[in-house]
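Protein chains: 2
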Amino acid sequence: MTELAKGSSEVVVVRNKRVIFKDYVNGYPKESDMVVTYDATIHLELPKSDGGLILLKNLYLSCDPYMRGRMSKPIEGAYVDSFIPGSVISGYGVAKVLESTHPDFKKGDLISGSTNWEEYSLTTNPESLIKIQHANVPLSYHTGILGMAGMTAYVGFYEICSPKKGDVVFVSAASGAVGQLVGQFAKLYGCYVVGSAGSKEKVDLLKNKFGFDEAFNYKEEQNIGATLKRYFPDGIDIYFDNVGGKMLDEVLPNMRLQGRIVVCGMISQYNLDQPEGIYNLIFLLMKRVRMQGFIVIDHYNLYPKFLEMILPLIQERKIMYVEDTIEGLENAPAALVGLFTGKNIGKQVVAIAHD
Amino acid sequence: MTELAKGSSEVVVVRNKRVIFKDYVNGYPKESDMVVTYDATIHLELPKSDGGLILLKNLYLSCDPYMRGRMSKPIEGAYVDSFIPGSVISGYGVAKVLESTHPDFKKGDLISGSTNWEEYSLTTNPESLIKIQHANVPLSYHTGILGMAGMTAYVGFYEICSPKKGDVVFVSAASGAVGQLVGQFAKLYGCYVVGSAGSKEKVDLLKNKFGFDEAFNYKEEQNIGATLKRYFPDGIDIYFDNVGGKMLDEVLPNMRLQGRIVVCGMISQYNLDQPEGIYNLIFLLMKRVRMQGFIVIDHYNLYPKFLEMILPLIQERKIMYVEDTIEGLENAPAALVGLFTGKNIGKQVVAIAHD
Ligand SMILES: NC(=O)c1ccc[n+]([C@@H]2O[C@H](COP(=O)([O-])OP(=O)(O)OC[C@H]3O[C@@H](n4cnc5c(N)ncnc54)[C@H](OP(=O)(O)O)[C@@H]3O)[C@@H](O)[C@H]2O)c1
Ligand SMILES: NC(=O)c1ccc[n+]([C@@H]2O[C@H](COP(=O)([O-])OP(=O)(O)OC[C@H]3O[C@@H](n4cnc5c(N)ncnc54)[C@H](OP(=O)(O)O)[C@@H]3O)[C@@H](O)[C@H]2O)c1
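Taken in sequence, the protein lines are chains A and B.
First residue of the first sequence: 44, per the numbering used here; consecutive thereafter.
First residue of the second sequence: 44, per the numbering used here; consecutive thereafter.
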């Protein structure tokens, strides 16, 4: 904390580093689409007269692929708002309450929820904040396994996939924040699980740390159709799709009767001006496949049930969670941009401060 | 019946007109892919010694789009067998039992089920035949509304669409064998229903005979996206897809939250060497859409329930059914081929004989 001024009444004013969104993005996002500013300041004390204010020290930020959508010009029917050019980036994160005149929050509380990409935030609108109750796991987990990624894997697998013991499951972007959990949930459920990821290191992680039955590096496969035939000689019951595009198209002819494709994400398409064509949808008919999209925010009523399941699994080490943590807010733009080239190994977290 | 010979033992031998499949088809099927032969003969009497034989006089044939698939080279995972070059075409139809040494069938019985495209058939394999119990509707209805098309509309709408009263429903190929029923089921259910079809005459039928709320001739629309926006200003809850391709792609951005797309057929793709690309699948995610393929043969356990529903509706004239009947087996190739250019207005039937 850089103290800038300490007046007679002991009001501390500090510099507030921030990540500002410059302008709407076309194509792949670049670090230079954001700028780190050092000129903002903030009072680290709340006016006594004002009720309902909360002063937060931001600790961990979550980097999520959906944020790419927020970098585009607003479009009709989008499920999230676009960022405002010239304004601070926001997303999910973990923060600590420094001061509060809000009755529900007190100094020292840890919260997760909507977080600005800045060192300190003042909020009058704590509806999106959840008080963290479970302090016996790493705090950063609330950006990932206990946050949106965890809920996404949980809802996607248990609520949308209709899994059955023995099902053959394929997960793409399998080592990522969501994928690593989907694979582990499927294994715990008694499924046979194969994952794809974009590097040897990630493939090793899938097989050796997360217990996938098989895994492959899709970037090294010349003919994805043939690769899928090799890994799924009898076809796929469940495809948990994180990537869309070519991989989805090649999966379709390899689906089994009554298979299910969960449309969790299509990261391979987010940065393209024109989406790629999908040519094999006739297999939805031939194989009687259900293909279903979902957005996790519709399912937060299940959050307590999810916590009840996941916390013991974490504590008993039956579920592993790999995070990729970058230190320092100034590195947040690189971390976010890196998602779209597969730089992250596991859940991408930015640590602004550890407490 | 052309008697060819009447021997001393009164065995009648007649000419048996047949439609023979010539060879595997690429692209649009043509009449000349089939040939009508007049040189086969058949004994119209069964040997007394042989039990389990049934001699059928074929009355009505059903022309169905899925038969196009049977004209292609056999492919792995197809849900129906290909026709055998040089052999008679087969499909669904209605026939009368002329003679039977099978205990379950007797002379005069009317049956529906698997039927060869020939005047008379001898079968030893009556598993696929259903005895017609409901003779108080036109016999030909058993090729359509009481046959596969009816069951398809029933299963597709009631079992796969998850309809709700007030849902906005869009049906493509809406005046066809399946589509006309889907629209009427949806209206009876309390939905708002719009159909698309390929001629003014069909559009009139949709609005004036089948009670669709709106209908349009997609062949006259320059910009299907804009057309859909006009007919569905608030989006589509259920798309009953009979055509696939471009129309499906344009529907996707017009889906409502939690919408459902029933993949019943993709007739626009059956004759293409390469399927068209679908570019808008991201809307499955954005709108949380479920897209589901089904094949009616998986659902025949529901046939009794279907009959229980549909027969009173037909008798009370609450459901209309339009057939397009061509007379004469020699015209069957033209009727079948005509499905793929939209020649048929309603269910395409071939009448070989009326009793
Ligand atoms: N439906 C929902 O509510 C919801 C919620 C959260 C996330 N999601 C979606 O779930 C997916 C995974 O999210 P996450 O948070 O777990 O991210 P993540 O997997 O941790 O990170 C993104 C990963 O995607 C892969 N990737 C990037 N570009 C790719 C491309 N062009 N083709 C194929 N793979 C590519 C990279 O891994 P590789 O090295 O393996 O290529 C990268 O590491 C995303 O599509 C996201 O939008 C959906
Ligand atoms: N899933 C199942 O179990 C199942 C069972 C039966 C049928 N089906 C499918 O359901 C659909 C309708 O079958 P049906 O028996 O009711 O046939 P139909 O609609 O009576 O006849 C086919 C109609 O399709 C339309 N059509 C032809 N080519 C087209 C194209 N390129 N683009 C758009 N429309 C085209 C034409 O009508 P227009 O004048 O309107 O263009 C034509 O009249 C087919 O796709 C069929 O394969 C599926």
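Please keep in mind that the hints were generated in silico from the structure rather than gathered at the bench.
Note that the structure is predicted; figures quoted are calculated from it, not measured.
Hints may contain errors.
One copy or two, it doesn't matter: identical chains are merged, so the pair holds either way.
[Claimed, not checked] With a cut-off of at most 30 Å between alpha-carbon atoms, the simulated DSSO-like pairs for lysine-lysine come out as follows: (1) Lys386 / Lys361; (2) Lys116 / Lys272; (3) Lys116 / Lys252; (4) Lys348 / Lys207; (5) Lys208 / Lys150; (6) Lys100 / Lys348.
Item to check | Same-copy or cross-copy closeness of Lys100 to Lys348 [CA-CA at most 30 Å] | outcome: Intra 29 Å, inter 63 Å, cutoff 30 Å: intra-copy only.
Checklist entry - With identical chains treated as interchangeable, where does the CA-CA distance between Lys116 and Lys252 reach 30 Å or less: within a copy, between copies, both, or neither? => result neither (40 Å within a copy, 46 Å between copies)
Checklist entry - When no copy is named, should Lys386 and Lys361 be tagged within, between, both, or neither for a Cα gap of at most 30 Å? => result This pair counts as within: shortest intra-copy Cα distance 26 Å, inter-copy 62 Å.
Item to check | Within, between, both or neither, where Lys116 and Lys272 count as close if Cα-Cα is 30 Å or less | outcome: between (40 Å within a copy, 21 Å between copies)
Checklist entry - Is it within, between, both or neither when you check Lys208 against Lys150 at 30 Å Cα-Cα? => result neither (47 Å within a copy, 51 Å between copies)
Next on the checklist: My question is about Lys348 and Lys207: at a cut-off of 30 Å on alpha-carbon distance, are they close within one copy, between copies, both, or neither?
Outcome noted: Both: 20 Å inside a copy, 29 Å across copies.
Hints 3, 5 from the list above are not met by this structure, while the remaining hints are.
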